[in-house]
Amino acid sequence: MNVQAFDTVTPVLEEYGSLTRAAMDAYLPKWEPRAYLYDPIADYPARGGKMMRPSICIATAAAFGAPPERAVKAAVSIEMLHNALLIHDDIEDESEERRGAATLHVKHGTALALNAGDALAMMSMRPLFDTARSIAPNLAMGLFQDFERMGRESAEGQAMELGWRADPTVRVTRNDYLEMVLKKTCWLAGIFPTRLGAMLGLSNNGVIAPDAFIRFGFFFGAAFQIHDDVMNLQERDAYGKEMCGDLWEAKRTLMLIDLAEQFGDADTARLQKFLAQTRETREETDVLWLLDVMHETGALDRAINFAKALAQAAVAEFDQAFASVPASRDKTFIRDLTTWTFQRGH
Amino acid sequence: MTQSKERLRRADPDRTQPYRSMMHAFGKGEAGGPPGGHPLGIGGAVSAGQSYADRAVQEASDLVDRHIRTGAAKTEQIDNSFQGMSWLSTLAQSQDLAGLMTQATKAYSEITTMWVELAATIRDHLANTRAPAQTDGAQNAAPAGETPVLRLRASCMVEARVDMLRPGTPERATQLAPEEADQTGSNLAARLEDGHLVVTVPAGQTPGRYNGLLLDGSGGPVGVIMAEVFADDGSAA
Numbered sequence: 001m002n003v004q005a006f007d008t009v010t011p012v013l014e015e016y017g018s019l020t021r022a023a024m025d026a027y028l029p030k031w032e033p034r035a036y037l038y039d040p041i042a043d044y045p046a047r048g049g050k051m052m053r054p055s056i057c058i059a060t061a062a063a064f065g066a067p068p069e070r071a072v073k074a075a076v077s078i079e080m081l082h083n084a085l086l087i088h089d090d091i092e093d094e095s096e097e098r099r100g101a102a103t104l105h106v107k108h109g110t111a112l113a114l115n116a117g118d119a120l121a122m123m124s125m126r127p128l129f130d131t132a133r134s135i136a137p138n139l140a141m142g143l144f145q146d147f148e149r150m151g152r153e154s155a156e157g158q159a160m161e162l163g164w165r166a167d168p169t170v171r172v173t174r175n176d177y178l179e180m181v182l183k184k185t186c187w188l189a190g191i192f193p194t195r196l197g198a199m200l201g202l203s204n205n206g207v208i209a210p211d212a213f214i215r216f217g218f219f220f221g222a223a224f225q226i227h228d229d230v231m232n233l234q235e236r237d238a239y240g241k242e243m244c245g246d247l248w249e250a251k252r253t254l255m256l257i258d259l260a261e262q263f264g265d266a267d268t269a270r271l272q273k274f275l276a277q278t279r280e281t282r283e284e285t286d287v288l289w290l291l292d293v294m295h296e297t298g299a300l301d302r303a304i305n306f307a308k309a310l311a312q313a314a315v316a317e318f319d320q321a322f323a324s325v326p327a328s329r330d331k332t333f334i335r336d337l338t339t340w341t342f343q344r345g346h
Numbered sequence: 347m348t349q350s351k352e353r354l355r356r357a358d359p360d361r362t363q364p365y366r367s368m369m370h371a372f373g374k375g376e377a378g379g380p381p382g383g384h385p386l387g388i389g390g391a392v393s394a395g396q397s398y399a400d401r402a403v404q405e406a407s408d409l410v411d412r413h414i415r416t417g418a419a420k421t422e423q424i425d426n427s428f429q430g431m432s433w434l435s436t437l438a439q440s441q442d443l444a445g446l447m448t449q450a451t452k453a454y455s456e457i458t459t460m461w462v463e464l465a466a467t468i469r470d471h472l473a474n475t476r477a478p479a480q481t482d483g484a485q486n487a488a489p490a491g492e493t494p495v496l497r498l499r500a501s502c503m504v505e506a507r508v509d510m511l512r513p514g515t516p517e518r519a520t521q522l523a524p525e526e527a528d529q530t531g532s533n534l535a536a537r538l539e540d541g542h543l544v545v546t547v548p549a550g551q552t553p554g555r556y557n558g559l560l561l562d563g564s565g566g567p568v569g570v571i572m573a574e575v576f577a578d579d580g581s582a583a
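In order, the protein sequences belong to chains A and B.
Going by the numbering used here, the first sequence opens with residue 1, and the numbers climb by one from there.
Going by the numbering used here, the second sequence opens with residue 347, and the numbers climb by one from there.
Bear in mind the hints are in silico, worked out from the structure with no lab data behind them.
There are no misleading hints in this set.
16 Å max Cα-Cα, derived EDC-like pairs, lysine to aspartate or glutamate:
#1 A:273 <-> A:283
#2 A:251 <-> A:92
#3 A:273 <-> A:284
#4 A:251 <-> A:94
#5 A:251 <-> A:228
#6 B:420 <-> A:211
#7 A:273 <-> A:286
#8 A:251 <-> A:179
#9 A:50 <-> A:15
#10 B:420 <-> A:148
#11 B:420 <-> A:156
#12 B:420 <-> A:146
None of these values were measured; they are calculated from a predicted model.
Please model the entire structure based on the sequences and the hints provided.
Right under this line is the structure:
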């Protein structure tokens, strides 16, 4: 069977990704100070990426009857903010690699990277302003309210995760993790892009329910994040981040939470000691120990199964959220994206 | 690599048959696979740990429902805070801080880009304007959420419009201040009369753009007023 013939996701990602990149270029200044600001700002966007978030936005608008051009600036806004948050995340996580190259703060120092992230986050508003100019005032206000909420939820989720790292003694449950993911990941990765796209739709006159797409975006985003966490523990060549980076950073992933709930006293003490260390003082033997135990106890398998179950739930939510939308390539793209994430090796 | 003696082992699967009830939580029937099936085979044969996923998905579903409920409450709380920005109008009444309101007005116009045609362009000359009786603004405010009818009193060519930011009852209007900081024109008077918003442009007014706000009872902005005064030859500033 020719699998490519049934790939309903990659061509749309490429098309809408190219559309977004071309439009984004106009929003990335080429003037001075280039070396200290605008070149670093343009660095992450130039490294590629799946362009999943902007593609979801454009596809949702298209599924609701709007031409892609109507949503492309909103998609640019999402992608710019995503890249801005990546800069800050990498600093906060002390990450060394991003998309196969050194992170921005490793290349330019924390101060310049932080400033570039600030600027890019603020500049992401500009394409949203330009989008708002073309739509009715009530829709424009809804668009900005959602932008504010997405930013707030993302910051709250990041704060939860950073707080857990700062306080290694705090007990984190699976639901704590899911709430963190809902805020940190799902709003920007799934909820906001679909809501924004639907607000730019024509067949619905841009009107959406206050809670529209939240359940869909949550299940989709959570499946995506857990799969992402699992992949972080896989082979380096297939991913592009440093292998086991999440373990080195002692991130409270679902797998680590699973282990913590099963450990006896001795292993709990060793885990606590590991969590209390800084990244620099953690030892490879401990990282490999945790990885080994995750495999042996089935924590990894459970996480993978859970992620697939969440993706299945996302498909079910998709059926409801897009029930009023006629069949189209864009609608199929969004549905299949929920499970496509498990095929990606990047 | 060192290993703990306290090694855990994979638990035996607690079922050997496919588990088919998960999707009942989402209004699906047996198996609950995606419509038309999927190349990944999700929803097919089930491996160990399925009951874990089943419980976890149900809990996740409850969690997102709580998030929706609390999110709505928080949003309402923020909206209420926004509506209670009485400090804005208080500051605006200060001569020294009048520029702040101008900036706020500009910010609203920038953020919302709400220049839709809620009120069509009005060119109303003084000679043709009936002078309505002055009444109390609060008692004669426009209905909640509706744009008040705009009346323009001017002896020159003026374009004006009102854009509502949110539902609310406008109870008074601020003066319209020049949009540009270096613009020399004096403020334009604006007031609510008998459900109408009356903007007065005196003779000889400096051409340019002027902005003001419609405020509700708490002093929160509910709308934006914009007027552009043209030169005698009809040209813009």
